[in-house]
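Colleague: If you read the protein sequences in the order shown, they are chains E and G.
With numbering that gives the first Met the number 0 as the guide, the letters of the first sequence map in order to residues 0 to 270.
With numbering that gives the first Met the number 0 as the guide, the letters of the second sequence map in order to residues 0 to 326.
Hints were generated in silico from the structure; no laboratory data involved.
None of the values given here were measured: they were computed from a predicted structure.
Misleading hints may appear alongside valid ones.
Across the chosen pairs, the derived CB separations fall in these ranges [unchecked claim]:
| no. | chain 1 | residue 1 | chain 2 | residue 2 | range |
| --- | --- | --- | --- | --- | --- |
| 1 | G | Pro68 | E | Ala27 | 57 to 63 Å |
| 2 | E | Ala95 | G | Asp218 | 54 to 60 Å |
| 3 | E | Glu224 | G | His124 | 55 to 61 Å |
| 4 | E | Ala95 | G | Arg306 | 36 to 42 Å |
| 5 | G | Pro68 | E | Gln215 | 40 to 46 Å |
| 6 | G | Asn38 | E | Thr106 | 43 to 49 Å |
| 7 | E | Thr167 | G | Gly34 | 40 to 46 Å |
| 8 | E | His91 | G | Glu211 | 52 to 58 Å |
| 9 | E | Ser260 | G | Gly220 | 36 to 42 Å |
| 10 | E | Glu240 | G | Ala286 | 18 to 24 Å |
| 11 | E | His253 | G | Arg291 | 47 to 53 Å |
| 12 | E | Gln59 | G | His32 | 30 to 36 Å |
Some chain E residues near chain G, calculated using beta-carbon distances under 8 Å [to be verified]:
| no. | residue |
| --- | --- |
| 13 | Arg37 |
| 14 | Tyr61 |
| 15 | Ser143 |
| 16 | Ser147 |
| 17 | Val236 |
| 18 | Lys237 |
| 19 | Ser260 |
| 20 | Val267 |
| 21 | Glu270 |
Here a beta-carbon is modelled for each residue, glycine too, at the ideal position from N, C-alpha and C.
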Amino acid sequence: MKRLCIITALPAETRPLLDALSLQQSNARHLRVYASERFLLLECGPGKMNAAAGTGAMLQAYPDIAAILNVGIAGGCQPIGQSVLAHQVRDHASGARWYPHLPDNNTFRSLPSQNITTIDAPDTHYRQGELFDMEAAGIFTAASRHLSTSQIHCIKVVSDNPEHGIETINKRTVIALIENAMPDINSILDVLHHNFNEEHNAVSVEGDVLISNLLQQIHHTVNDERILRKLIHQHIVKAGEIPRLDTQGKSSAHIRKTLQSSIAAHPVIYE
Amino acid sequence: MDTLYIEDAVANHPRTLTLRSRYPKARIVSIEHYGDVFNAPAQNFKHQKASPALILAKKPGKRVLPTPPGYHIGGENNYYFSHMLNCVYDCRYCFLQGMYQSAHYVVFINSEDFFADMDRTVREHNDDVWFFSGYDCDSLALDPITGFVDECLSFFDSQPQAHLELRTKSTQIRPLLKRAAINNAVVAFSLSPEPIVSAEEHGTPSLSKRLEALKKLQDAGWKIGLRFDPLLYADNFNEIYGAMFDQVFATLNMSDVHSVSLGVFRLPKAFHKKLVRLYPDAKLLNAPIAARDGMMSYPEDVEETMRNFCMQRLQQHIGDHQFFPCT
């Protein structure tokens, strides 16, 4: 099962998630990572640079991450404590923009969405229709090199607004804000978990096991591996079953020919 | 539709306001240019296809373009236009999934500019000019939302020198049936055998529904066209294509069909590669497909056998003047 990666910036944002998702500290060099069977959590530190560097390193260290959810606080015009999804993330400094693809789903639909502008220093010029944060653009910069914009999302909890300024934020209030937003965060995580793990059906999993076993038994090059993977997949699609292969003492070239013959023997029939 | 991306340039256009009112609960995201969303890197076509957004934009630059060589149904001057980009259907062989990064639908709001360009193009020629719709989208499928076809037909009704082909798989023919047929428009349906519709043309109306729509149009006096394109390889090709032709001939008055065309499956190499990546389990990929002249296609002898079978069946029911094999 592929894991979802939550990225926070501050310890106060992390703490409620550790409790709610039963996450344990994990050994990862130079990264503050917590993990469970379903989730990874990276606490990247504040600011765009930390976010980009941490996200990039995280995706190198854990290449099978299914999706990323950035959780944190942000300033805006919405009421304090409101959870808001990002439908556009903009880097204020460079003008770069990303458009997360929000799935057509009741959970996502039930939450408001706004533009999130990532700024390099705290700002108090609140504007309608826009939230300020300090990490989202860094996360999108790094993550979009590995994942699609369907797999990178951002949920922010409003921590300051024109009525309750930035000076009212402290560790205690941030913990309370994230704790209160946990139902929304959990719902989003459930949808992402469902969307990005359902693609692995039983046959493709069985095919992956066959390929792994096969590659352990035969001498092969990187190109052999690529071709054999393709042929085994093609066989599964065309024949509707895992190929039965006698690999004892056989070369990769021999197995390749066997698979090609077996594939050719199955007709393409539309019924 | 869950999300509407709206270009600032068309935010207050009456068509935008009408479209917005159809989706009162949709997220509205303001954008500067549709390409910022549509051509952005790191998009997942397959995920977007499951819940596409609508992008409302203004089409700048050239809106009417010459068709590729061989793309015609008898006319000398041939152009195409795309009032939309992308299709509501999910056909495995479709080149759009290879051509675009995104599965979102772009609707160009400035129809009036399209008609002005077509008007200008007609004036540049002394004889008839053909305009093809449905190259980058299905001409009718999203019409209940865009309402483009009705405006388009009114334009062509006033331009006897201009001819229109609406290419579709959709049975949304209400805008056509509610008005009198015009002589310079052809409604052309792409047709495939039912087993291929089920396996490869996801979300499309069945062959029977398409034929039913064609019959209604024919009865109402509209010129209809049949597009057997793409022909897909199958070991039971003769059986399934034979059954389809039987159904077509039994339903339609073939002597009244305006035009029939055939085209065998082929895709540019890069598009084929993307198809393999997106849908490795697509049945059509199991056919003998190889690179030839920069395209991925069936071996020449296979293509010829497929084409010959179809031509033989068709020639029993249509005249040479109705047949355009290479479009």
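Colleague: Hint by hint, say whether it matches the structure.
Modeller: For each hint, the structure was consulted:
{"no.": "1", "hint": "G/Pro68 to E/Ala27: 57 to 63 Å", "result": "holds, 58 Å"}
{"no.": "2", "hint": "E/Ala95 to G/Asp218: 54 to 60 Å", "result": "holds, 56 Å"}
{"no.": "3", "hint": "E/Glu224 to G/His124: 55 to 61 Å", "result": "holds, 58 Å"}
{"no.": "4", "hint": "E/Ala95 to G/Arg306: 36 to 42 Å", "result": "violated, 49 Å"}
{"no.": "5", "hint": "G/Pro68 to E/Gln215: 40 to 46 Å", "result": "violated, 53 Å"}
{"no.": "6", "hint": "G/Asn38 to E/Thr106: 43 to 49 Å", "result": "violated, 29 Å"}
{"no.": "7", "hint": "E/Thr167 to G/Gly34: 40 to 46 Å", "result": "holds, 41 Å"}
{"no.": "8", "hint": "E/His91 to G/Glu211: 52 to 58 Å", "result": "holds, 56 Å"}
{"no.": "9", "hint": "E/Ser260 to G/Gly220: 36 to 42 Å", "result": "violated, 56 Å"}
{"no.": "10", "hint": "E/Glu240 to G/Ala286: 18 to 24 Å", "result": "holds, 20 Å"}
{"no.": "11", "hint": "E/His253 to G/Arg291: 47 to 53 Å", "result": "violated, 29 Å"}
{"no.": "12", "hint": "E/Gln59 to G/His32: 30 to 36 Å", "result": "holds, 33 Å"}
{"no.": "13", "hint": "Arg37", "result": "violated, 20 Å"}
{"no.": "14", "hint": "Tyr61", "result": "violated, 18 Å"}
{"no.": "15", "hint": "Ser143", "result": "holds, 4 Å"}
{"no.": "16", "hint": "Ser147", "result": "holds, 4 Å"}
{"no.": "17", "hint": "Val236", "result": "holds, 5 Å"}
{"no.": "18", "hint": "Lys237", "result": "holds, 5 Å"}
{"no.": "19", "hint": "Ser260", "result": "violated, 14 Å"}
{"no.": "20", "hint": "Val267", "result": "holds, 5 Å"}
{"no.": "21", "hint": "Glu270", "result": "holds, 6 Å"}
The structure does not agree with the numbered hints 4, 5, 6, 9, 11, 13, 14, 19 stated previously, though it agrees with the rest.
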